[in-house]
Amino acid sequence: MADIYSNENPLFKTLAFYVGVLILKMFFVQMYTTFQRITKNIYATEEDITFADPSGKKVKIDPQNPIVERIRRAHLNDIENIVPFIFLGIFYISTHPVYSTTLLVFRIFTAARFLHSFVYLAHVRQPFRVLSFGVGIAVNIFMAVSIVMFYSKV
Amino acid sequence: MADIYSNENPLFKTLAFYVGVLILKMFFVQMYTTFQRITKNIYATEEDITFADPSGKKVKIDPQNPIVERIRRAHLNDIENIVPFIFLGIFYISTHPVYSTTLLVFRIFTAARFLHSFVYLAHVRQPFRVLSFGVGIAVNIFMAVSIVMFYSKV
Amino acid sequence: MADIYSNENPLFKTLAFYVGVLILKMFFVQMYTTFQRITKNIYATEEDITFADPSGKKVKIDPQNPIVERIRRAHLNDIENIVPFIFLGIFYISTHPVYSTTLLVFRIFTAARFLHSFVYLAHVRQPFRVLSFGVGIAVNIFMAVSIVMFYSKV
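Note that the protein sequences, when read in sequence, are chains A, B and C. Under the numbering used here, the first sequence is numbered contiguously, ending at residue 154. Under the numbering used here, the second sequence is numbered contiguously, ending at residue 1154. Under the numbering used here, the third sequence is numbered contiguously, ending at residue 2154.
Since the hints were made in silico from the structure, they are not lab data. For each residue, glycine too, the CB sits at the ideal point set by N, CA and C. A hint or two may mislead.
To be verified - Computed, partial: chain A to chain C, Cβ under 8 Å:
hint: 1; residue: 3
hint: 2; residue: 68
hint: 3; residue: 86
Here chain A stands alone, though its shape is the one from the complex (with noise of 0.2 Å):
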């Protein structure tokens, strides 16, 4: 039988690729971050603002901006979601699942992120974050269940 941790082997190709693409879409959350700080000058702490303003003038400290506290929750969210799928992914791969099963669980888990992040980024209405939220939790607790019974009896 091939190993399950190589890349030969189908599932873990497409974890793999998966991976990469909801990493990036994390990277683009926390650098639109960094560029509503910089654009809007909203810094937390001391050293940004006397390296954006040295006179000290303009820019004051403001860590609860709502701007910027918008995007930080939905970065937190991806941590949250994301960072469970992909340890469930590794282990899930394990459990001999059926491949198109598993490329359907991911790619449903992946569009489901990529909605979410756009909804909370450009306020749209309820109750599509929720949904979008509500559809990575079940691929996640999907996953979590196959894990723990496969492992319970072998």
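Got chain A; can you put chains B and C on it based on the hints?
Chains B and C only, in chain A's frame:
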């Protein structure tokens, strides 16, 4: 020799099982936040309020609510400790550890994190939270030092 | 061909070593928060105050204290960057990278993150923090793009 990362290796099977269990526990804390937000009408974004209370009269934005902030801190503490644990577990099982020691270490960590969540969410008095936190950290440092020592030699 | 995920593969050994080192660095930042909380009496929950100051007269809850918030931002920034790095490292070593390039990339990232923590906690003036942050992000994007390109072809 059997592969380390294979569902025939008892070390890998044990790790996979506890990864599934710990991530399910994390999701419970995460969903408890959502449950508190909905039942107590505590929202951090405008869309949520527009959805929960279309008239906009009863519910106000409250991004620093103490009830939700407590659960969020519990959840963040999970991320700060369980995520490193899983990474360390993945590499620790490659350092030829004794099976019974590894099983014990994984069980102690899992028990400490369940206790930590319970103590945090149930407002149990200190020092129970700091003790359960400390046990988790001690396990993680033990694994991290084992990995660094093993791989600085070979 | 030797397995990728085996402690006989130099790429895997290097990754394991730097994962251990980076996670130990993260724990240092995490415990520095606890150290500051205790020595400066800055607590975010009532239980902590009841424990640190049973009379309840001298210490007040202060969940937004700037000293602790700075370390927490440094720690969160670690999570936002080191966690993706480890995931990317795990999949990057499966894309047949050159060993010397990989070693260099891992070392640059590790050095940048040590510098970032030092600069953040020691209040060093900008642009040192933004530069060390940028180097880490650049390494992560390089690995993520390499993974996506490798696995979109095969």
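Exercise. Can the hint on residue 86 of chain A be confirmed by a CB-to-CB distance to chain C that is less than 8 Å?
Worked result: 5 Å, holds
Problem set entry | Per-residue hint verdict: residue 3 of chain A, partner chain C, C-beta under 8 Å | It holds, given that the least Cβ distance between residue 3 of chain A and chain C is near 6 Å, below 8 Å.
Problem set entry | Restraint check, 8 Å cut-off on beta carbons, for residue 68 of chain A near chain C | 12 Å, violated
Going down the numbered hints, you'll see the structure goes against just number 2.
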